[in-house]
Every structure is written in C-alpha cells, then in structure tokens.
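Q: Here is what each chain is made of, one letter per residue.
2 protein chains.
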Amino acid sequence: MSEKGWSQLWLDYASKAGKDSVNGIRMGNVNVDIKDFDVDNRVIESAVKELNRAFCGDNDKVKVTLVRNKEVAKEGYRIGNIIGGSNENVAKSDAPEYVIEASDENGALYGVFHLIREKLMGKEYPNICADCAPSNPLRMMNHWDNMDGSIERGYSGRSFFFVGDEIVVNERTVDYARFMASVGINGVVINNVNVKWAATDLITTRFFDKVKELSDIFGDYGIKLYLSLNFASPIELGGLPICDPLDKDVINWWKDKIKEVYDHLPDLGGFLVKADSEGRPGPFTYGRTQADGANMLGDIIAQYGGIIIWRCFVYNCTQDWRDTKTDRARAGYDYFKGLDGEYHDNVILQIKNGPMDFQIREPISPLLGGLTKTNQMLEVQIAQEYTGHQIDVCYLIPMFKEILGFKTYCRDDLDTVADVISGRTMGNKYAGMAAVINTGNDYNWTGNDLAAANLYGFGRLAFNTELSSEEIAREWVRLTFDLEQDLEDKLVDMLLRSREIYEKYTSPLGIGWMVTPSDHYGPSVDGYEYSRWGTYHRADHLGLGVDRTDKGTGYAQQYYSPNAEMYNDPKTCPENLLLFFHHIPYTWKLASGQSLIQYIYDSHFEGCAEAEELAETWKEFEGKVSDRTYACVSERFGRQVYNAREWRDQVNSYFYRKSGISDEKGRTIY
Amino acid sequence: MSEKGWSQLWLDYASKAGKDSVNGIRMGNVNVDIKDFDVDNRVIESAVKELNRAFCGDNDKVKVTLVRNKEVAKEGYRIGNIIGGSNENVAKSDAPEYVIEASDENGALYGVFHLIREKLMGKEYPNICADCAPSNPLRMMNHWDNMDGSIERGYSGRSFFFVGDEIVVNERTVDYARFMASVGINGVVINNVNVKWAATDLITTRFFDKVKELSDIFGDYGIKLYLSLNFASPIELGGLPICDPLDKDVINWWKDKIKEVYDHLPDLGGFLVKADSEGRPGPFTYGRTQADGANMLGDIIAQYGGIIIWRCFVYNCTQDWRDTKTDRARAGYDYFKGLDGEYHDNVILQIKNGPMDFQIREPISPLLGGLTKTNQMLEVQIAQEYTGHQIDVCYLIPMFKEILGFKTYCRDDLDTVADVISGRTMGNKYAGMAAVINTGNDYNWTGNDLAAANLYGFGRLAFNTELSSEEIAREWVRLTFDLEQDLEDKLVDMLLRSREIYEKYTSPLGIGWMVTPSDHYGPSVDGYEYSRWGTYHRADHLGLGVDRTDKGTGYAQQYYSPNAEMYNDPKTCPENLLLFFHHIPYTWKLASGQSLIQYIYDSHFEGCAEAEELAETWKEFEGKVSDRTYACVSERFGRQVYNAREWRDQVNSYFYRKSGISDEKGRTIY
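Sequences listed follow chains A and B, in order.
The first sequence begins at 2 in the working numbering and counts up by one.
The second sequence begins at 2 in the working numbering and counts up by one.
Don't take every hint at face value.
Which copy? The list can't say, so a pair holds if one copy fits it or any two copies do.
Straight-line alpha carbon distances no greater than 25 Å define the calculated SDA-like cross-link-like pairs of lysine to any residue that follow [said to hold, decoys possible]:
hint	residue 1	residue 2
1	Lys625	Ile35
2	Lys260	Asp248
3	Lys260	Gly240
4	Lys50	Asn70
5	Lys590	His542
6	Lys552	Ser654
7	Lys64	Glu647
8	Lys408	Leu340
9	Lys64	Ala18
It is worth saying that the hints were derived from the structure and are not from the lab.
Work the whole structure out from these sequences, hints included.
A: Structure representation (structure tokens):
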C-alpha cells in the first residue's frame, strides 16, 4: 500500500519489485545513452527518470539507448534489444540492452513506457521488439471537474485538480501525468465542459500562475493542457452586453483575451467548448451557426498553434414528451451535417459515440463519417455515468472496439469509425479520441479498483486501436496484480463479460434510459418517460420501442446505405438495437425464437444471475490481491448484486404489469 | 405596499384605513379602560397597542373596556357593545364603546383581535356581540426551519428565524407574533423536527440569549415557544456513548440539561420530538418503547410546567417494494396503540391527519380516537408539500373540516376527531391542533398570496372548529382585500373549489403518491412505485389500488366498527378512498355508472379544465387587488395550469398505456 494516499495503479514498481517502499529510486541500475535528443529536454528527462524508478529491483539492471530517428512516425517508437532476451548464450550477469528509436520526445517517452510495461508484466522480458505508431494524433482525457472540487458524474471522490475554487498542484499531479503518459495520453482538459462560476476565471490572471504550474507538469510528460471555455466569457468577464461571435467587439475581446492567455500559458493546447447545449450559452442565441462560433475562436487561436474542440452534443432539452416527431437522436446530425466543410482547419468537432448520451447500448452516431469534410474526434465516457457508477463492474473497451470497428460506408474503404477519427479517411491532421475520465481523489483513483481497467484501456486503445479488448484487459491485470495464470484468466474473463452482463440486467435491446433521473444509477423504467429530455421508451400494453424508421422520426435515414436500410427494417436491424429503431410488440419473435417479452424476462434473470456469479468468483481473489483491493471490490460487488436484483425485478415487473404476459418459466415477477 | 419588506397580511390597518403608511399609530383615537387586569402585563400592553394601531383612521374613534371575568372560559372572551351599533339614535359623533371580558390575558388579546377583525371587515361594525372560547387548548404552528436558513418543505423563501446558523430577531419577528396571535395561535415550534447540526445546540448557551429574545416577543402575544429536540443530544452534546432513555447517566444528563434550559428560558412551552423516524435517533435503538422515551423527558420537564409533544410518524422507511404484507399505513397504530395509557400526563402524541403523509386524500389516522387513554394532538400541514407547493391554489380548510368531523366511533358520543383532539372525549388537559406552517421570508409570507388563506384559516379553525370553510374563506378575503361583493364571492368560490380541483388532476380516489420523488411537485406515476418508502399504487394491466382489507394488509381493521366494515367492502367504502383500501379493476363500475378507468380520464380532464378556469377567473382581479398581488398570483396560476396539464396527460397516458382501454369520449391521450 502506497504511503502517499493514492495508489500507483499499473505502475506500482516497488510492489512489482517485491519491495516495501514506493518509488525508491535505486541509482545505478539503469544506464541510459541518449543520441540526437537534447538531454536537457524535459520529456527526455522524464523518460530517464522513469526508467530509473521502474528498474528499482535488485536484479533490474538495464541499458537503454534513446535515439532520434526521423523515419519513425510522429510520437511512435521502435524498440529492439541488443543483448538479453531468451538467448541463453547471454550471461545472466549481463544487463539487457535496448535501443529505443523515435522521431520526437513523446515517442521516446512512450517507448520507455513500453519497455517498462513489458518488464512489469514479467512475461518474455527482456526479449522485446516493437514498432509502434499511435493510431490517433489526439488522445485526450476530459475532466468534468468543477472548481469547488466536485466532479460532474464523478464516482471516485473529489477533484484532485481543484479544491475550494483553487487549483491544487502536488505530487499526485505528477503521478497523474505519469500514468496518463504511460498509456499514451497527450492532451488533458482539466475542467468541466459546463463552465460555471469560478471556472470562467481560469482564463484570467486569477489563475494563470497555477494553470501554468499544472501545464508545466503535464508538459514534462508530453501532455498538453486544454481548458473548457465559457462561450459567454465576453459578457461574464469582459462586461460586454453580448457574446455574438460575429460582433466586432466580441471578436476583439477574444483576440485580446487569447493573446493574454498565451502570453501566460504558451503551451496551452487550446479550448474545449460546449455551446448551445443544456442551458450553456452559444452562437444560436445570436442567430449564428455552430461554425460561426467555432471558427471565430479557431481563427484567433491559430497563430498560437492552438485548436478549438467543439462539442456536437447539441439538442433540444426541453422537448414535450407528447411530441413523437421530434427526436433527440437526430439532433447532432441535423445541427452539424449541413455545415460540413465550413469548419476551419484548426477546429475539430468532438462527437459522442452514440446519438443519445453514453447509454450501455446505442447505435453509432451518424455524424461520425457523416461529416466528410470536417475534423472529427470520438468522445466516449469511461466515467460510468449510465454504466454503473464504478460500483458495478463494466469494462467498456469491448464497446469502444465495436464503435471503432463500425463501417460507416462514407467511402469504399477506410470508412470505419477508427479510420474516420484517426484522420486516415480524410488525411486530416486534427483527429482522435477523447474520454470523459473516471478519476477522483479516492485512494485507488477510480472508486472501484476494477474500473481502472477502463482508464488504462482507453489510453491504450486510443494509442493503438488494433489492440483487442482481451489484450488490453490482460495487460492491465498483469500490470496491476500478481496473479497465477488461472486467476488472471478468470479476472480477464470477468472483465470481458461485464459489459454484456450489465446490459442484460438493465435496459433491453438498445432502448436505454430506464434509469433514476438525474442520478443515473439504478432502475426507474418510467423515470425519463414523461420528461423534457427526449428520452422515451414509448411502452404501452402492446409493445415498446421508438419508431426511428422512415415511417417514424426518420433517424435511420441519417446513415449511409446500406446501414440506413439495415436499421430501417426490424428484420435486418441488429437485435441488440431493435428497440432503439422500432416499436415492437411484446409477442414479436426474435431470431432465437423467444418472444420480445420473454427475452426481456430471460435476459434480466440471466444478467442478474451472472452478476451474482461475478461477485462469487471474486471471492477466489481473497488473499491474492491486496486486502484493500479485495475489500473495496467486494463491497462494490455487494452493491452491484443489489442493483442487478432491483433492475431485474423492476424491469420485469414493469413489463409484466403492463403487458399482462406471464413468464413462460414461471419465475417470480412482482 | 408595506415599506418593510414584508406584507401585513390580514392586518393591513393602514391600507384598510386608506392611508399610505403602515402602522402609523394615531394616538387619541382609542380610549382603553382596564379593569382587574394588570395594566403592565405584557399581553395586555400588546392588546392596547394593537387597538391603537388598528384604529388609526381619521374616523376610527373607539372606547374599549377590558375586564377580567373569571366566568369566561380559559383564553376565551365575551364582547358586548354599549354605544354604537346600528342604533340610529346614537349620534354619529359618539365613539362606539365595547366591553371585552376575559378570564386571562390571552382571552383579552383574542377579544381585541376579534374586535379589530370586525372593524377591518367593515361589515356590521360597530354592532358586535361575541362569546367565544377556543375549541382546542393547544393551537400550534410547527416550523420546519433549519438553522442554515433553509426550510424543509418551504415554498416561500428562506427562514425568518434563522440565517447562517444564527437566530434572527427583528421587527418581522414581532409582526409574525402579532399575526399568529390574531388568529389564536398560542404555541410555536421554531425549528425543524429533523434536528441536525447547529439546531442541536439550541438547548445550549450558544443560543440561549437569542432564543430568550424570541421567546419574549412571543410571550408578549401570549405565545409559548417550543423547541424540536434531538433525542441523541446526550451523545452529541453530552459526550455520552448512548441516549438510552432508561440509562441513569442519560436521565441525569437530561435532568441537568433541562434545568439549565429552564434557568435560561423560563417560559419555554416544552419540546417536540421526532424519534425513530426516517433516520432520526430514538428509543428503539435501545430496545425501549416510544413511551419510555417520551415519559423520561416528560417526567423531567414536568416540574417546569413543560410538555413533551411526541410525533407518531414512525414507520419502516426501508421497505422492500416487493413486500405486499408490510403496510406503512398500519405503522402508526401498530407502534403506538399497544402503549395506550402508558404515556404520562404531560406527554402528548402528535398524530398526522392520515396514516401516510399529507396526501391530498387519505383516510383519517386510526390512531385518532384509536388511542383512548392518551393525550393526542392532530397534526396537519399547511405547507403545501404534496398539495401544490404554494404554486397551485389549494385551500385546505375543507380537508381539515372533514378530518375534524370524522366519527371515530371510539365511544357513543363526543367521538369525532374534533372531540378527541380538543380534550372533550377524554376530559384531558393537553390536546389540540398543530400545523406544519407554510411561511418563509417572501414579501407575502406564503409564496402565493392565496396560500395565506391556509395560514389564517388554520389558526381560526384551531380556535373554533365549528367555523365553516366558507366562513373562514370569506373572513380572510374580506380582511385581506377590498373587493366588491361579486368578486369577493368569486374568490371565496375559487378557494372552496380548489382542493377538489387539485385532487381531480392529481392522484385518483385516495391512492396518492404519484408525485416526483423527493421534490413532491408534479406527476411521476411510478415515481414511488419501486421505492423503499412504502408508497405503492400496485397498478397492473387489469387494475390498481392497495388491498388494505382483512384479506390484504388488514389496515381497515384498525378502525372501530362500523368504520372497519365500511372501509373493508369496496361497495360501501367511500369512493374517494376506494383505491386506498382496495385493488380495483379498471372496469369496476362506480356509483355514477362510470368505469374506474373512465373516471380517471374524466376527472383528469375536468380537473385540468377547472384549473384553467380558476386561472381565467383570476384575470378579473386585475386592478382590483394590488399590482404586486395580481402579478404574483397570476404567475403562479400560469405554473398551476402547466402542472395540471402535465398531471392530466401523464396520468391518463400512464393508465391508457397500461390498460389499453380507450377514453369513451375520444379525447387526446398520449
């Protein structure tokens, strides 16, 4: 257990080396040679320091050569080992020797972390060869931390960036940067996209010094700091009467402000903006387009090398539930598709993976690839807002893999989401992936120790979208724990099954939203049914689901052919999205031969039983992981099982009471 | 408009006298003669002062003689007029002359306020004869004000007693005491029954001085101050490990504490205690009974003349919704009936009007009269927690009249709730009525100006339970406004209809609880259906309602015969409580010939249409009431109409979607 008050996650060198203290740096184990890099460069310094921390065991001698090689891809690296490996001819006393080639400092640092990862996993070490280039140019974490220390949708304690409207910079900040860099993250937005109160002042002299401190720490690990921006800053900070993006005074105010910001924060990556959404101000107020708003800021920030990341989460959040024509799922495409090609080069649209809001199952947003002339970035959420609040285990990488692998049909080849958001499809420079992060100041960073698999996994996947869910899970398990093979396999299996289990006991077949309003944990089948949020299941005594076909809201037509046709027909629509696209009678026969209502019953009984199995399996880990981890995860499994039972019984009772159709298997429904 | 920042409610002397300033005291108008009362007594002084304030107009000359007469009932008064009246022989220049007889100072004060009321109503004045005695010995207001200034279930701004954990005493406090005394209130609990944080300290030196100031102001108007008590005070303040009411150290701690309290607050009326309820500490923790807890405190406080008011709102608030045997409605009777006769003489049980929690329609609590050897007090709620948040107009006096008139059959005569809680049934000394008050620091005290009718009405009704709802409404309208007869009639009519209208558009036939959880405003039909609060409607595709008969939870059997039999049979059960006592099919024929489902549709369409009518009628009051009042009430009517439509459409859609039965009249259901 770390003495620091926070764990070392997957970089627990001391524990892996079998030592008591953490980060005890044993000098002399590591011999680093640096060629064509500036030895005083801060990222190179961090890389060297990290090698020294990692190779801290008594038998951890190693020689590493860092070489600049312009042929290596941007932020990529190559590793070869010269001496060592499984070659038995090498004397045991010889330190293994590696060459890490990279064209830039970040690449060198990532190469070092690759080497450390292999060492910590203890398999095949020291026989390492690698040739890696990041799949995505931008690999970002979005913190929804508020300056009062609260975290919107945070399930792991309070913010470690902000306390009482002040910025905190300490040793934990450095560890945070190390962990992020170790999985290839190169951008972090430190504050909530809903920019309110003191957070508006982050771009003022009140906070410049502290933001600079943070930015410098990030910079040491190759990470750019970004800020979420209040679009109404000209009003709130500048005292102007409006924030119309085409108004000269507004533009001039921004010019001065952004100059001032870059005078103080020369390394700033840019700004993230949530405009015209859920009550946030934006260009719509002045009859301007989203492009007007984004381009104005983009043009000003361009000279400083900054970018504007503009969120596409724009929809009418005061819908009348009686209105079956308006469809929130359509909103992103309807608002943004028409402006395709109008966004300037340093503006990038950040698009949530689905058209709704991070449900356990949604179709892929039709904006991804729907836009063909616009920089775009995929936004996912590892904060488990709708997926169990880091109480329930829900390893999300399989979901992200599905998203990345989705064929958009935006062109004949290179048309998957992974292609589009990496820049491969359009050959654009600004592209990538962002995750709403799941961290807080809990000892273990992520509330549930097992939720760290998503933190680790997102970074790894953003860096290399070709990795499989299992590879990532296995890496994380090996790095984090020290388990025998059978338990390692079990834990990997638990993670891999967890998303499907969560899906089974919650809302069926892509309909989503049957959660407790506001809080978003636990069931409330009608909780959002009569609300203003555009989130309805339309269940009646005959069936449920939303007709989003060409006879309904027309949402399915936002996809390219043949996806549009596939979704439009309930017979070809993937069954796990059936209720997202169609209003289906309870008696509808699924491919399995089950009726829809029987599927609802069966999947909920199964999902709950499987959650109980997970909890039961976890008991085998007692004494095999730290007592703290065991207790923390056990406590959460207890709550997950309770939650799964509530979901099972409430969903089943709701549909039984509504349909009047009994469970074929005669199980208890209330 | 008052310059003070708060209105003068029904005592707006200046406005009634046609003057600009408020409370301008014109000396010399009033000639007061005092016989057998101490002229320096503070209550008598207040009475004289009030006469001088009230008779402030140019033609308001009056002569009043206050006479002590021991034959008049406690706190009662008699008024006769000697000169004046409609006798035309009396010269116009002669001041009218009244004699007010009372046996105590409170009676004299109430007589004065009676005289003032008649003067302000301007009808029949100055021909006044009265012989009044209060129906109930205790007539109390319960504030749910927290010391941070928030008010639990407050809809009229913040507390005027507490700001930032400090007690506020100012001119508004004096006006508050005047208004309460003017309607006969003689006891006020200043702090929330959920006693937390700083409020626990109200019985410590930290607050004694300020509480004493408040108590003195109240005392000037014949009002005793009471405090809500934290049963865990021995732990939280005393540092004891327990608060077991039978533990010697705990008892000694309370002895010392209560002595200390009365040393500082000699006029304190006593304590109100919410124990073992909704997470509050209590005797159950130590395996003791509610009587053990209450009697321990009662015995200690007796020597100071204090009383212990013990709330009966005890139930299991962590019920499993799947459990259809447990019935929250039963809880009060189950917990308290067995202890009947065990409570000491200065302990009084405070019983909510219904077995659940202040719903728009509930049966009468079977504890009222169910207890025959225990002091008991009726608790109602004029804070409109479930009845429209002082946004929707809901004049509650008709509900209270029904409650008071309910025949409990606890004996052959004198068996109504009014008899029981007045002390007439048992001949006991401590009895009465308490209301959870609806005030806050809004200008108009009650959020909606029209909600003041409940504030006024509760006091008047507690003083005289024989007054009709219409009499009280008319008094309040005349005192508050200055309307021509037709508008007066319209406003009285609006008030009298308002409760039924609210009931129609919200939850049907006594089932209750279809409200937004926590907030309790607006519909959420399933909001409490799968919760832990014991609040279910059990609707399925065939019908709804809770079986509380002898075949169900047995709740109906808690009543005396013939009420028990009446409620037990759906054919004799009052239809407005049908779903409270029975699970009824949608096709059930009501007395009107309507099916249950058709009744649900019809009543919701009607209720909503009638709410719209109320709002429409209010438009006639423009220019007839102050602009401030008109705007305030208009704004709230707008929200009421919106609310009523949401209720109508959500309830109707919910039951249509569940039952599949169409509206016979083909109206729009979603």
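Q: Each hint needs a verdict: does it hold in this structure or not?
A: Hint check results:
In this assembly of identical chains, Lys625 and Ile35 lie within 25 Å of each other by CA distance neither inside one copy nor across copies; the values are 40 Å within and 89 Å between. Proximity of Lys260 to Asp248 under the C-alpha cut-off of 25 Å is restricted to the intra-copy arrangement: shortest distance 18 Å within a copy versus 71 Å between copies. For the identical chains of this complex, Lys260 and Gly240 are intra-copy neighbours only, at 18 Å inside a copy versus 59 Å across copies, given an alpha-carbon limit of 25 Å. Taking the shortest Cα distances, Lys50 and Asn70 sit within 25 Å of each other inside one copy (21 Å), while across copies they are farther apart (96 Å).
Proximity of Lys590 to His542 under the C-alpha cut-off of 25 Å is found in both arrangements, the shortest distances being 17 Å within a copy and 22 Å between copies. Only between protomers do Lys552 and Ser654 lie at most 25 Å apart by alpha-carbon distance; the minimum there is 22 Å, versus 31 Å within a single protomer. Taking the shortest alpha-carbon separations for Lys64 and Glu647, neither the intra-copy value of 56 Å nor the inter-copy value of 72 Å comes in at or below 25 Å. In this assembly of identical chains, the alpha carbons of Lys408 and Leu340 lie at most 25 Å apart only when taken from the same copy (23 Å versus 72 Å across copies).
When the C-alpha separation of Lys64 and Ala18 is checked against a cutoff of 25 Å, the pair qualifies only within one copy, where the shortest distance is 18 Å, while the shortest distance between copies is 99 Å.
In summary, the structure is inconsistent with hints 1 and 7 from the numbered list given earlier, while agreeing with the others.
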